[in-house]
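Q: Two chains, two separate frames, one set of hints: put the complex together.
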Amino acid sequence: MTEPSNSLTEHVSPLEAGESVLAAAFVGDAPALALANGVVKFDGRDIAAHPDGAILCAALDGERWLTGGDDGRVVAISAEGATETLADEKGKWIDALAAREGAVAWSVGKTVRARDAKGVVKSWTAPTTARGLAFMPKGYRVAAAHYNGVSLWFPNTDATPQLLEWKGSHLDATVSPDGRFLVTSMQENALHGWRLSDARNMRMTGYPGKSRSLSWSHDGHWLATSGAEACVVWPFKEKDGPMGKPPRECGVRPHRITEVACHPRALVVAIGYADGMILLCRLGDAAEILVRPSGDGAISALAWDKMGARLLFGTDAGVAGLLTLPA
Amino acid sequence: MSDPTAVTDKIPVTVLTGYLGAGKTTLLNRILSEPHGKRYAVIVNEFGEIGIDNELVVGADEEVFEMNNGCICCTVRGDLIRIIEGLMKRKGKFDAIIVETTGLADPAPVAQTFFVDEDVRAKSRLDAVVTVADSKWLAARLRDAPEAKNQIAFADVIILNKVDLVTPAELAEVEARIRAINPYARLLKATKCDVEIDEVLERRAFDLDRILDIEPNFLNAEDHDHEHGHDHGHDHHHHGLKHYHDEDMQSVSARLDGDVDPNKFMPWLNTLTQTEGPKILRCKGIVAIKGDSQRFVFQGVHMMLDGEPQRDWKPGEKRESKVVFIGRDLDEEAIRKGFAACAA
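If you read the protein sequences in the order shown, they are chains A and B. Going by our numbering, the first sequence opens with residue 1, and the numbers climb by one from there. Going by our numbering, the second sequence opens with residue 1001, and the numbers climb by one from there.
Hints listed in this document are in silico derivations from the structure and should not be mistaken for laboratory results. Watch out, some of these pointers could steer you wrong.
[Stated by the list, open to error] Once the Cα atoms are required to be at most 30 Å apart in a straight line, the calculated DSSO-like pairs of lysine-lysine come out as: (1) A:K110 - B:K1322; (2) B:K1038 - A:K92; (3) B:K1093 - A:K92; (4) A:K122 - B:K1010; (5) B:K1123 - A:K167; (6) B:K1093 - A:K110; (7) B:K1314 - B:K1279; (8) B:K1091 - A:K92; (9) A:K90 - B:K1123; (10) B:K1123 - A:K92; (11) B:K1290 - A:K90; (12) A:K90 - B:K1322; (13) A:K92 - B:K1010.
Isolated chain B, as found in the complex (with noise of 0.2 Å):
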């Protein structure tokens, strides 16, 4: 599906999103002014709050339309193809682009972009999309703010920033309310944006090669097998950290010893993303296909998809098959049956 030789020439795309006043502006500035030696094109919505005298600042006007593929929530940013198809003639005078979005933005136009433009998607990669969170405003954020909640659902990486101006208390909550949300994103605390910048970039959150790398994550999230009611509101102690459960935005994630059939599988996968398509922010999973001796990786946002199989199990490597889906009001049971009917 892709060309491995073409991964390293292809420019890497971080999408910075985050509420009005986060700190989106002061990671970006962040992120010039250190002596990386990595030259950014940074596409803003707004002139003049980047302080760093930087080259290659574009002008963005945010325009969001609607594919004509018959895929309802399909919108992707029509603007980002243009300036990505212009930044390129100038490829060889930056080593990364950063997309700073504005505090009311939904991040999937981003991300669908770099699925349905084939010539963005010849040229650059979706890196990540990091999230900006203010410690002391977030959680109010989540309860009046659907596009906060977005983000926080949406990101790779979250930096829970300004947490010098909150209690730990205040902050053990706030990250219980993030990982209601989003169990598997990097979460970075910080004061005025002051995180490792390779903490930040380059984390190849959405190449399917690297699949393996965010397993950590991604194996060690809880299995919300354990047992509750679904009596919100309630919260239970978990490793000593708070854990709620948020009311309309989850994720789910499902795992199944052994193979599944793919002929049950790909059509469920299919079918789910389609009809759930526009509940799902994102999605992502490896699995063991019966038959195969290659893992099959896949990752989606909304309605898209995109899979490929990515490496030999390895000999003593247990076959098992993990499935992860993030999104608004989904149907956590149906979701565990419809993946367990799937097995070989």
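One chain only, chain A, in its complex shape (with noise of 0.2 Å):
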């Protein structure tokens, strides 16, 4: 291990959570953070997004944040901290949740549901629970991790959504930014990639834990995931992806990764510890700087604002902090 040669320590002030952080965000330019208790605190007030229950899921759209709970409520958060319902699903969990462009879409159980800009609600029904869920970046559909597999769904045609097949769990879904792969998280300590031009497997393995935190690197040449005591970082430039490549590493630990964000703008990576550490390393040569020593819990959030000058994060203890990059 490789002592950060530098900190950022002084640069970090302490934002007041109280519970569990589930996720975090800027919302238009406050940082917002959703707390296992329903409360969304946004630039330090209270907004009960889900009273009573507890967030299960969040998504950032452009200048909104939308929220599921275990409620059955899927609430967006207005940049100016105003809610909105825009869908209840009577008591039932919202497992799932993922926003582009006005779009929203979420799940409950095996059902899909997909509400355009106009609030335009389309339904559909998964072979299996939907676990997770992301818009393409192109065009209005949506990749829907369940069992033995992902379907990519147009909401606004009656056609069969494709399946991608993969035996086993699939849980969380992401799409590289220029469209080109669709990778998920699995309940085997793996990620599986598809390249969807020609829907050709990737096997991503070797993790001792699940990895359920993955970042696109601005430019999409890059996946950064949690799940092991190193970063590991997954090269998608090549039109084969990964493919017979190794990744690289970086914020080598004895503690486990829970949480990466990789920036907006630059080849860095935000990485967030099991035992609340936080670093940033660099992707190209791993040259790594101090963010949060130690403690408080496991980092559960880590969230940079647009233009990467300030890193938003929380930990499932219940504390949270601001870091603004000095100029």
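A: Dropping the structure here:
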């Protein structure tokens, strides 16, 4: 392990959370934290997004943040902190959520729904519970991860969704920014990928635990992943993606990585660990900078603002903070 | 293997099984309505059956899938992994979780979920499999419904319900049928599931640290060493109780005075569970490892094994080794000989 040569810890200011942090985002300009008790901390004030509920999932769409709760509601929070209930599934859990350009997709068990920017809702029943959702970067199409594969669904057509098959339980889904690759995290401590042009399979294995945090570099050439004692970064620049190529590793420590977030403008990844530490690593040479020393639970949320000037984080023990990079 | 300090933090999970109409919902309503001060999150398959207003009732789909780990009988409940993950976000709002399975469910995938999933294991622990059985109809179901037999074989606690509807002779008969399959479970007789809740919950039946506490049953269960031919269907009397041998589901227990050789015992246990795993529903044991000052305890479900050194052998405590297997078509003689050959 290389000791971080320098430190940004003095540029971190604490934020009040008080409850386990589930997700973090900059909504407009405001740092926002989704908490386990159904509250969204928005620029320091409390928004009761899911009263008496727990927030299960969240997704950012431009200036709007969406949260899904175990109260069955999908709530949109605007840059001004106003809330709007987009869906109410009557007490069923919102298992997954995705958003893009005003459209929102969510799942409740096997039921997957998509709501376009105009508010028209379409539904589709997945073969089994849809655990992860992602919008394709082009067109109005939703990828839903379920058992034994991923289905690609066009909400505005009646066509049978295209099924990308791979045995096992697929959890989260993410699509590369250029739309060439689709990657899922799996129950079996592995990632699975498909090249969408020909549905060719890619297995990304070797993780000691589940890899539940996936983040694409701003240029789409790299996919940073959690789940190991190093941040495993897979190359996706070439047309074959990571096939036959070893991943890079950075931020090697004797602690499991729980969250990763790529910087929106530079080839730098923020890495959060199970012991509460946060490091920034440069993908090129794996140089490290300390953001936060260990303590106060596992890092459970990490988010950059649009410019990449601020990094918001939270832990499962209810501690949060904001790094403002020195100008 | 397990962090002893974390044990108390882990949310206990009780699995409630039982054939259709045996009284699972009655038991569930009783647990939820009694003034015990505990709060339960309940995972059910059919909404609306629970009459009690409970904040944390979650519907499940019993989605069973195979793990891609080369283990042929390794099926887990995917929905359970997802629901426990979600429930843990409400940690502090409930003390325990109860999973109600459908009448036709096999308890194994539920139990295996707790062996397989790292996140589930980190936050919760399987407490016990509780099976509710209908005194009047169980004997018939054991003949025609393999699911019912699985549920009895798998159980840590069996509630023999509706005893008011049968004669003492019929009750003795059904009890003997249960004991032929599973002599180790705690058997509670009940009318309308009127059992003490603490006889059902917080059993720690899967807790290796507590394997001692289940020893009274474990030890006193008859070692089927007595003379009998394997002409099934005969019944002979034992302690006033009819003694049956179930045709396809049995328990095999074996005992060995003194130590086992770890270089023989570990490979034997691994090979047995790997090759016979699909037939073995449950296994557990306490063994004296040669040269080791600590008792080694293990338990397993099908091909999955969990074992660790438990505690020092006490001064004057007799070093002996015992294993129990409950399963379908077990080769009793092979198991006994195999275990005997592990002697140090």
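Q: For every hint, state whether the structure bears it out.
A: For each hint, the structure was consulted:
| no. | hint | result |
| --- | --- | --- |
| 1 | A:K110 - B:K1322 | violated, 46 Å |
| 2 | B:K1038 - A:K92 | holds, 24 Å |
| 3 | B:K1093 - A:K92 | holds, 18 Å |
| 4 | A:K122 - B:K1010 | violated, 40 Å |
| 5 | B:K1123 - A:K167 | holds, 27 Å |
| 6 | B:K1093 - A:K110 | holds, 27 Å |
| 7 | B:K1314 - B:K1279 | violated, 35 Å |
| 8 | B:K1091 - A:K92 | holds, 18 Å |
| 9 | A:K90 - B:K1123 | holds, 28 Å |
| 10 | B:K1123 - A:K92 | holds, 23 Å |
| 11 | B:K1290 - A:K90 | violated, 60 Å |
| 12 | A:K90 - B:K1322 | violated, 52 Å |
| 13 | A:K92 - B:K1010 | holds, 25 Å |
Violated hints, in rising order: 1, 4, 7, 11 and 12; the structure is consistent with all others.
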